[in-house]
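Protein sequences appear in the order of chains A and B. Quick note: the first sequence uses our numbering, first residue 24, plus one each step. Quick note: the second sequence uses our numbering, first residue 24, plus one each step.
Among the hints, erroneous ones may be present.
It does not matter which identical chain is used: a pair holds within one copy or between any two.
Computed list of lysine-lysine pairs in DSS-like fashion (alpha-carbon distance at most 30 Å, straight line) [said to hold, decoys possible]: (1) K124 - K160; (2) K287 - K66; (3) K270 - K287; (4) K26 - K66; (5) K217 - K66; (6) K66 - K289.
Derived by calculation from the structure, the hints in this document are not laboratory data.
2 protein chains.
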Amino acid sequence: MRKVFYISDGTAITAEILGHAVLSQFEIEFEQITIPFVETIDKATEVAEQINNSFFNQQPALVFHSIVDEAIRDVIDQCNGISYDFLNTFVAPLEKQLGVKAQPKTHRTHGIANEAYSSRIDAINYSLDNDDGISLKHLEKAELILVGVSRCGKTPSSLYLAMQFGIATANYPFICEDMENLKLPPELKKHKAKIFGLTIDPFRLHEIRTQRRADSKYASFRQCRAEVKEVEMLYRRERIPFIDTTKHSVEEITAKILDIAGLKRKMF
Amino acid sequence: MRKVFYISDGTAITAEILGHAVLSQFEIEFEQITIPFVETIDKATEVAEQINNSFFNQQPALVFHSIVDEAIRDVIDQCNGISYDFLNTFVAPLEKQLGVKAQPKTHRTHGIANEAYSSRIDAINYSLDNDDGISLKHLEKAELILVGVSRCGKTPSSLYLAMQFGIATANYPFICEDMENLKLPPELKKHKAKIFGLTIDPFRLHEIRTQRRADSKYASFRQCRAEVKEVEMLYRRERIPFIDTTKHSVEEITAKILDIAGLKRKMF
Chain A
24 MRKVFYISDG TAITAEILGH AVLSQFEIEF EQITIPFVET IDKATEVAEQ
74 INNSFFNQQP ALVFHSIVDE AIRDVIDQCN GISYDFLNTF VAPLEKQLGV
124 KAQPKTHRTH GIANEAYSSR IDAINYSLDN DDGISLKHLE KAELILVGVS
174 RCGKTPSSLY LAMQFGIATA NYPFICEDME NLKLPPELKK HKAKIFGLTI
224 DPFRLHEIRT QRRADSKYAS FRQCRAEVKE VEMLYRRERI PFIDTTKHSV
274 EEITAKILDI AGLKRKMF
Chain B
24 MRKVFYISDG TAITAEILGH AVLSQFEIEF EQITIPFVET IDKATEVAEQ
74 INNSFFNQQP ALVFHSIVDE AIRDVIDQCN GISYDFLNTF VAPLEKQLGV
124 KAQPKTHRTH GIANEAYSSR IDAINYSLDN DDGISLKHLE KAELILVGVS
174 RCGKTPSSLY LAMQFGIATA NYPFICEDME NLKLPPELKK HKAKIFGLTI
224 DPFRLHEIRT QRRADSKYAS FRQCRAEVKE VEMLYRRERI PFIDTTKHSV
274 EEITAKILDI AGLKRKMF
């Protein structure tokens, strides 16, 4: 396979995301190598050497980079790989447009210097402390409350909402015992405007639960179907917005929820 | 403030991250507006209208986009904003380089179609189930075991490792009662090659713990200093690699850990 390098003098997360988004437009498989923290000329020279030795069928490696330090960038740009320079490609035209010079002193993304950072850690801690209905005492601090049956995707979604978007998200499970005469508990009803429902295809739910507890009533298709039906009826009765998680990634589910709920993403 | 739009026919996470990385090179504040799921011409026309009405001091808005659908991209490109196109800027030169046409049919990043996706959810569930030393029974399944004093950053780091990089990460706290005669528990010792230590500035630890439990022995500077000292001695004695989390973001901490531990990131 042809080799692709993602290189940065920072975490290389940006280089990876860009390269991966672009390459995913091609139906080709690549061998992907990420090299973060290329912070010295020595290290850059070593990496350039590695790239130079990475021909595949006489084709040079592809190199996606996001390097703030100019001297280090020069070393990487002069290797035999085909370079795609994420920062400079956009920074130069932006300098013209904005009429100011960039101040490429440090990696400011993914840094703790960002003021929003501690609110993000707070959001993560909030979501962990209010996972799975552990506590219904702090719901006034929630920006969003996800509800749904067990294993429909509440926890990964809550954590992603906190981690990526800085949204303090509680989540509450409707459990088997609640199913007869299903109602919103009064503690939740008070915060109805913040509630968002998740649902899932009963067959997929049956598969997921079977992995956790095979041959249980909990995992049976019959039980899964009954729970999903009850919960969706509740959503409709209470006019709770909801989405189906079955065929979507955590990114898609959470971006969709924020879009529908009209919540603004925070940025770090 | 000048307005910036992040626009996509998908989640807009890529457009947001890339735009944010580029703009962070400038010492200017912007009003940032994210519009995901622009999936129809009607919606695109509406968004173009919104951009056209977003002049600030006679300056048009900046538009960072990552739009797979060509017709929708055309609508956005024709508005009055200054467009920066993350996909096309790189896709066209890559087509030449690779000698094949891109197949821009769907958003393949952030989609569930990705085979690695279920291993990622498994990693998230693993990290949650093995958070804070809850269970020491499944450590053979861990790819990484983070250790450290309470509140030094183990949990957010573990979750980020699972979520962003797909690494199944357990974490184990050294608690106050362990401090006299601090040793690695035998269950951990067996997996020593997978252990990575976190440490933190005692004064910062004191601040963080004070937020949780003010005026407690647990939060006292004296206790924080003693715990950090003991734990760092253990790391050195046992030759456990460790890093200081004090001045670093979750992205930086986790990218550094993977780099030092030589673990390969997974990509989704």
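Verification of the hints:
1. With identical chains, the CA atoms of K124 and K160 are never at most 30 Å apart, being 50 Å at best within one copy and 55 Å at best between copies.
2. When the C-alpha separation of K287 and K66 is checked against a cutoff of 30 Å, the pair qualifies only between copies, where the shortest distance is 19 Å, while the shortest distance within a copy is 40 Å.
3. Taking identical chains as interchangeable, the C-alpha atoms of K270 and K287 lie at most 30 Å apart whether they share a chain (24 Å) or sit on different chains (27 Å).
4. Proximity of K26 to K66 under the C-alpha cut-off of 30 Å is restricted to the intra-copy arrangement: shortest distance 19 Å within a copy versus 39 Å between copies.
5. Taking the shortest Cα distances, K217 and K66 sit within 30 Å of each other only across copies (26 Å), while inside one copy they are farther apart (49 Å).
6. Taking the shortest alpha-carbon separations for K66 and K289, only the inter-copy value of 23 Å comes in at or below 30 Å, while the best intra-copy value is 34 Å.
Hint compliance for this structure: hint 1 is the single one not met.
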